[in-house]
Amino acid sequence: MKDALRLDESAVGAVFGALADPTRRHVVRLLAQRSTVTASALADELPISRQAIAKHLQALADAGLVSSSHEGRETRYRLTPRPLDEAMQWMALTGARWDERLARLAQSLAERA
Amino acid sequence: MAIEDETVRRVMILPVDRDTAWAALRDAEGLAGWLADEVELEVCPGARGSVRWDSGEERLVEVEEVQERRRIVLRWCERAGDPSIVELTLDDVPGGTRLVVIELPVLTLRALAVPSEAGRDRARGPMMVAALA
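As given, the protein sequences belong to chains A and B, one line each in that order.
The first sequence begins at 173 in the numbering used here and counts up by one.
The second sequence begins at -17 in the numbering used here and counts up by one.
There could be a bad hint or two in this list.
To be verified - Per label pair, the in silico range of CB-to-CB distance:
id, chain 1, residue 1, chain 2, residue 2, range
1, A, 245, B, -3, 45 to 51 Å
2, A, 234, B, 27, 45 to 51 Å
3, B, 61, A, 242, 38 to 44 Å
4, B, 61, A, 226, 35 to 41 Å
5, B, 76, A, 243, 49 to 55 Å
6, A, 246, B, 76, 47 to 53 Å
7, A, 280, B, 52, 18 to 24 Å
8, B, -3, A, 243, 42 to 48 Å
9, A, 206, B, 77, 36 to 42 Å
10, B, 64, A, 254, 17 to 23 Å
11, B, 77, A, 275, 14 to 20 Å
12, A, 226, B, 76, 37 to 43 Å
As the list claims (entries may be wrong) - Calculated Cβ distances over 10 Å to all of chain B for the following chain A residues:
id, residue
13, 195
14, 222
15, 242
Bear in mind the hints are in silico, worked out from the structure with no lab data behind them.
Think of the CB as a built atom: it goes at the ideal place given N, C-alpha and C, for glycine as much as any other residue.
I would like the entire structure built from these sequences, with the hints used as guidance.
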């Protein structure tokens, strides 16, 4: 029983750890909007390199939040939301949205200054 | 996962004075610069309106509370979604103004009195409690 509890805590901790990074939350949000996506397509939508995207995808995969499959020469990633219960999904998506909004606010204020 | 963890909280130090920060919150014109792409809302208690994004997403909004230069509390939801409460609070800090954002589902609020910015100097936040009704 003790081992089972430790395993559960570890899994939850991995999910929280993976989602603590705002870029990874953004990646999760983008993955949630489509069935599968490539790292290159994600890199087109985020201000970071494809290599950085790959690292974030690996971190998400380590937490069980992302799986990958090969289609020809492409590796396609999909969200595997089972580790997330509804509340955690809500947290990730809502938090990501606020990160975007606050970035827009900061930019807006900087342009007015 | 504790139910308190369903509260999203963000803190940002804005490098502007309180009046400038408040201008971004106090009316539709200010909010439209960042909260959403289109804002149709009179920022006064009880007012109802909507916000829209270029993606096509729309949320219905009701203003729960307005404290001049200090705080606004909104309740919003997608047309087929569950409502959540958004609290935006401003404070003076060295070098600018601190903005604290809290969003939590109304269902969570009903289940537990969640500490809010408003609740830090009172036992419970005024409109957070009103939202229980």
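Going down the list of hints, with the structure as the test:
no., hint, result
1, A:245 x B:-3: 45 to 51 Å, "holds, 47 Å"
2, A:234 x B:27: 45 to 51 Å, "holds, 47 Å"
3, B:61 x A:242: 38 to 44 Å, "holds, 39 Å"
4, B:61 x A:226: 35 to 41 Å, "holds, 37 Å"
5, B:76 x A:243: 49 to 55 Å, "holds, 54 Å"
6, A:246 x B:76: 47 to 53 Å, "holds, 51 Å"
7, A:280 x B:52: 18 to 24 Å, "holds, 20 Å"
8, B:-3 x A:243: 42 to 48 Å, "holds, 47 Å"
9, A:206 x B:77: 36 to 42 Å, "holds, 41 Å"
10, B:64 x A:254: 17 to 23 Å, "holds, 21 Å"
11, B:77 x A:275: 14 to 20 Å, "holds, 19 Å"
12, A:226 x B:76: 37 to 43 Å, "holds, 40 Å"
13, 195, "holds, 15 Å"
14, 222, "holds, 24 Å"
15, 242, "holds, 30 Å"
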